[in-house]
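Here's the letter readout for the chains.
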Amino acid sequence: MTAESNSLTLDKSPVHGGETDPPIDDAGHLLLHHHFDDMAQQRECNTLMMWCFLATEIMMFGGLFCAYAVYRWSFPHAWAIGSHHIKWFMGSVNTAVLLVSSLTMAMAVHSAALRNKKRLIMYLALTLVLGVAFIGVKGVEWTQDYYEGLAPGVQWNYYDTTVHPDHAKDVEELAKQGVSPNAVKMFMVFYFFMTGLHGFHMLVGIILVSILLIMAIKGRFTEGNDQPVEISGLYWHLIDIIWIFLFPLLYLVSGIKGSGPLW
Amino acid sequence: MQTKQDSELEVIESHHIIPVHVYIKVFVALMVLLIVTVLAAMEDFSIRLHWGPANVVIAMAIAVAKALLVVLFFMHVKFSSRLTQFFAAFAFIFLGVMFFFTFSDYFSRNWIPQVSAFNIAGR
Chain A
1 MTAESNSLTL
11 DKSPVHGGET
21 DPPIDDAGHL
31 LLHHHFDDMA
41 QQRECNTLMM
51 WCFLATEIMM
61 FGGLFCAYAV
71 YRWSFPHAWA
81 IGSHHIKWFM
91 GSVNTAVLLV
101 SSLTMAMAVH
111 SAALRNKKRL
121 IMYLALTLVL
131 GVAFIGVKGV
141 EWTQDYYEGL
151 APGVQWNYYD
161 TTVHPDHAKD
171 VEELAKQGVS
181 PNAVKMFMVF
191 YFFMTGLHGF
201 HMLVGIILVS
211 ILLIMAIKGR
221 FTEGNDQPVE
231 ISGLYWHLID
241 IIWIFLFPLL
251 YLVSGIKGSG
261 PLW
Chain B
1001 MQTKQDSELE
1011 VIESHHIIPV
1021 HVYIKVFVAL
1031 MVLLIVTVLA
1041 AMEDFSIRLH
1051 WGPANVVIAM
1061 AIAVAKALLV
1071 VLFFMHVKFS
1081 SRLTQFFAAF
1091 AFIFLGVMFF
1101 FTFSDYFSRN
1111 WIPQVSAFNI
1121 AGR
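Listed in order, the protein sequences are those of chains A and B. In terms of this note's numbering, the first sequence has 33 at position 33, counting the first letter as 1, and numbering is strictly consecutive. Just so we're on the same page, this note's numbering is the position in the second sequence counted from 1, plus 1000.
It is worth saying that the hints were derived from the structure and are not from the lab. Watch out, some of these pointers could steer you wrong.
Facing chain A, according to a computed beta carbon distance under 7 Å, are these residues of chain B, among others [to be verified]:
| # | residue |
| --- | --- |
| 1 | Y1023 |
| 2 | F1027 |
| 3 | T1037 |
| 4 | A1063 |
| 5 | A1065 |
| 6 | M1075 |
| 7 | S1081 |
| 8 | R1082 |
| 9 | F1087 |
| 10 | A1088 |
| 11 | T1102 |
| 12 | Y1106 |
Heads up, simulated SDA-like pairs for lysine to any residue below, C-alpha to C-alpha not over 25 Å straight-line [said to hold, decoys possible]:
| # | chain 1 | residue 1 | chain 2 | residue 2 |
| --- | --- | --- | --- | --- |
| 13 | A | K87 | B | S1046 |
| 14 | A | K185 | B | P1053 |
| 15 | B | K1025 | A | V129 |
| 16 | A | K185 | A | S74 |
| 17 | A | K87 | B | I1062 |
| 18 | B | K1078 | A | N46 |
| 19 | A | K87 | B | M1042 |
| 20 | B | K1025 | A | I121 |
| 21 | A | K138 | B | H1016 |
| 22 | B | K1078 | A | F61 |
| 23 | A | K185 | B | F1103 |
| 24 | A | K118 | B | I1024 |
| 25 | B | K1078 | A | Q41 |
| 26 | A | K138 | B | V1032 |
| 27 | A | K87 | B | L1033 |
| 28 | B | K1025 | A | V93 |
| 29 | A | K87 | B | I1058 |
| 30 | B | K1078 | A | E44 |
| 31 | B | K1078 | A | Y235 |
| 32 | A | K117 | B | I1018 |
| 33 | A | K117 | B | H1016 |
| 34 | A | K138 | B | P1053 |
| 35 | B | K1078 | A | K138 |
| 36 | A | K118 | B | H1016 |
| 37 | A | K87 | B | V1036 |
| 38 | A | K185 | B | F1099 |
| 39 | B | K1078 | A | I231 |
| 40 | A | K87 | B | K1025 |
Every residue gets a Cβ at the ideal spot worked out from N, C-alpha and C, and that includes glycine.
Turn these sequences into a full structure, and let the hints guide you.
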C-alpha cells in the first residue's frame, strides 16, 4: 500500500491501491457494517451472538426442566396419572408438525443462500402455516383440558364427581394408588407452564417468520444479504429442539397404555 | 444454466451450504425417531429390562439423538466455526451443571449417616 492511499485527503476516485470496493447488494445497499473487517467476520459474529442468545434460552427452559425433574422424582405416580389425562396423540401430531416446519425453515435458509426468491417465499410461507397449525392444535388441546377441569387456578375440578360423574373411575384409581389430587395438579401446572412458555416462543417465531416473509417478498434476502433468514432459522430450530424434549417428558410419562409410572 | 451455477458459487464462498439431500435424510431420520419414541412408550421396559427408569432413559436418549441431528445439520453447527461450536456446547454443559448440583442434593437427602450422637440424642 502506498503512502498516498493512507493520506486523509478526501479522494473520490474509485481506485484505491490494493483496496477492493465495499460489498454491496444488488439494490446498492451496503452489506458490510463499518465496525467489521470483512463479510466473513460479520457473518461469524452474527451467528455467534445468536448462539449467545440461544444459550440464555436454553438456561431459561433448563430451569423449568430441572424443576420438572425434581417434582417427577418426588411424585412419580402422580406424574403418570397426570400425563395420562393429557392427549398424547395431539402431542405426537404437533411434534410431527414442528419437525416438518424445521425442514421447511432449513430449506428457506438454503433457498435464501442460493438467492432463489420464489422458493424462499414458498418455504417461509409453509413454515408460517405449520407454525400456526401447531398453535391451532395446542389451542384445541388446551380447550379440551379446560372443559375436563384440568386447568389449575382456572378450572380445576377433574376429580369432582359432582361436576364430572364420568371421572369416578379416575378418582378410584387415584385413591388406590394413594396419590393426592394436588400432586396431579402440580403436574398440570408444569404442563401448562412448559407448553405455555414454548407456545409463547412459537408466537414470537410466527411473528418473526411473518416479517421475514414480507421482507422476502420485497426481495430483501435474495440480493446478497441472506443472513437474517439464517439467524431466525436458528431460533426456530431451537424452539423445535425444546419441543422434542417436552413431548416425551409430558405426554409419555406413563406410556400410552397407561401401565403406571414408567419413571 | 451455466451462468446460474456460477452465480450460485459466488454466493457460497463465505459460508458452507449443505446440499438438499442431507436435509431430506435428516428429516426422515427425525420422523423415524418420532415414531420410535411413540412405539417405545407403548412398552413397559422397566419390567422387560428389570430396571426402573428404563423407559425415561430410552425416551431421553432418542430425544438427545433428535436434538443432535437438528443442532448439527439444521442449525449448521457441524459446519460452523469452532468458536460457534464451543458456544453451542457451552449452553448444554451449563445445563448439565445445573442438573448435577440440583440432583447431588436431592439424591443424597436421605443418605445422612446415623451417627451415634444422633442416636444418643434420640434416646
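Here is what the structure says about each hint:
1. Interface restraint check: B/Y1023 against chain A, minimum CB-CB distance 5 Å, threshold 7 Å, status holds.
2. For B/F1027, the shortest C-beta to C-beta distance to chain A is roughly 4 Å, which falls under 7 Å, so the interface hint holds.
3. Look at B/T1037: its Cβ gets to within about 6 Å of chain A, closer than 7 Å, so that hint holds up.
4. Hint on B/A1063 holds. Least Cβ distance to chain A is approximately 5 Å, under the 7 Å limit.
5. Look at B/A1065: its Cβ only gets to about 10 Å from chain A, farther than 7 Å, so that hint breaks.
6. For B/M1075, the interface hint holds, since its Cβ comes within 7 Å of a Cβ in chain A; the closest pair sits about 5 Å apart.
7. Taking 7 Å as the C-beta contact cut-off toward chain A, the hint placing B/S1081 at the interface holds, the least distance being around 6 Å.
8. Because the smallest distance between the Cβ of B/R1082 and any Cβ of chain A comes to about 11 Å, over 7 Å, the interface hint for this residue is violated.
9. For B/F1087, the interface hint holds, since its Cβ comes within 7 Å of a Cβ in chain A; the closest pair sits about 4 Å apart.
10. A cut of 7 Å between beta carbons decides the hint on B/A1088: the least distance to chain A is about 6 Å, and the hint holds.
11. Interface restraint check for B/T1102: the shortest CB-CB distance to chain A comes to about 5 Å, inside 7 Å, so the restraint holds.
12. About 6 Å separates the beta-carbon of B/Y1106 from the nearest beta-carbon of chain A, less than 7 Å, and the hint is met.
13. Proximity of A/K87 to B/S1046 is assessed by CA-CA distance (about 23 Å); at most 25 Å being required, the pair is judged to hold.
14. About 23 Å separates the Cα atoms of A/K185 and B/P1053, which keeps this hinted pair within 25 Å; it holds.
15. Our distance criterion of 25 Å between C-alpha atoms is met by B/K1025 and A/V129, whose separation comes to about 23 Å.
16. Annotation: proposed proximity of A/K185 to A/S74 holds, straight-line Cα distance about 14 Å (limit 25 Å).
17. With a C-alpha separation of about 21 Å, the suggested pairing of A/K87 with B/I1062 holds against the 25 Å cut-off.
18. For the suggested pair B/K1078 and A/N46, the alpha carbons sit about 17 Å apart, so the restraint of at most 25 Å is met.
19. Of the pairs offered as hints, the one joining A/K87 and B/M1042 holds, with about 14 Å between alpha carbons and a cut-off of 25 Å not exceeded.
20. Proximity of B/K1025 to A/I121 is assessed by CA-CA distance (about 23 Å); at most 25 Å being required, the pair is judged to hold.
21. Simply put, A/K138 and B/H1016 have alpha-carbon atoms about 36 Å apart, too far for the 25 Å limit, and the pair is violated.
22. At roughly 24 Å between alpha-carbon atoms, B/K1078 and A/F61 fall within 25 Å of each other, so this suggested pair holds.
23. For the hint linking A/K185 to B/F1103, the alpha-carbon distance of about 23 Å falls within 25 Å, and the restraint holds.
24. Proximity of A/K118 to B/I1024 is assessed by CA-CA distance (about 20 Å); at most 25 Å being required, the pair is judged to hold.
25. Proximity of B/K1078 to A/Q41 is assessed by CA-CA distance (about 18 Å); at most 25 Å being required, the pair is judged to hold.
26. For the proposed pair A/K138 and B/V1032, the alpha carbon gap of about 23 Å is at most 25 Å, so the pair holds.
27. Restraint check for A/K87 and B/L1033: the C-alpha separation of about 20 Å stays at or below 25 Å, so the hint holds.
28. For a cut-off of 25 Å, the pair hint linking B/K1025 to A/V93 stands: about 20 Å separates their Cα positions.
29. Simply put, A/K87 and B/I1058 have alpha-carbon atoms about 21 Å apart, close enough for the 25 Å limit, and the pair holds.
30. Only pairs whose Cα atoms come within 25 Å are accepted, and B/K1078 paired with A/E44 is accepted, the gap being roughly 14 Å.
31. Between B/K1078 and A/Y235 the CA atoms are separated by roughly 17 Å; this keeps the pair inside 25 Å, and the hint holds.
32. Simply put, A/K117 and B/I1018 have alpha-carbon atoms about 18 Å apart, close enough for the 25 Å limit, and the pair holds.
33. The hinted pair formed by A/K117 and B/H1016 meets the criterion: a straight-line CA distance of about 19 Å does not exceed 25 Å.
34. Distance hint between A/K138 and B/P1053 is unfulfilled; the C-alpha atoms sit about 29 Å from each other, more than 25 Å.
35. Proximity of B/K1078 to A/K138 is assessed by CA-CA distance (about 32 Å); at most 25 Å being required, the pair is judged violated.
36. With a C-alpha separation of about 22 Å, the suggested pair A/K118 and B/H1016 falls inside the 25 Å cut-off, and the hint holds.
37. Note on A/K87 and B/V1036: the hinted pairing holds, with a Cα-Cα distance of about 18 Å set against a maximum of 25 Å.
38. Of the supplied pair hints, the one linking A/K185 and B/F1099 holds, its CA atoms being roughly 24 Å apart against a limit of 25 Å.
39. A distance of roughly 16 Å separates the Cα atoms of B/K1078 and A/I231; the hinted pair therefore holds under the 25 Å criterion.
40. Distance check on the hinted pair: A/K87 and B/K1025 sit about 29 Å apart at the alpha-carbon level, beyond 25 Å; violated.
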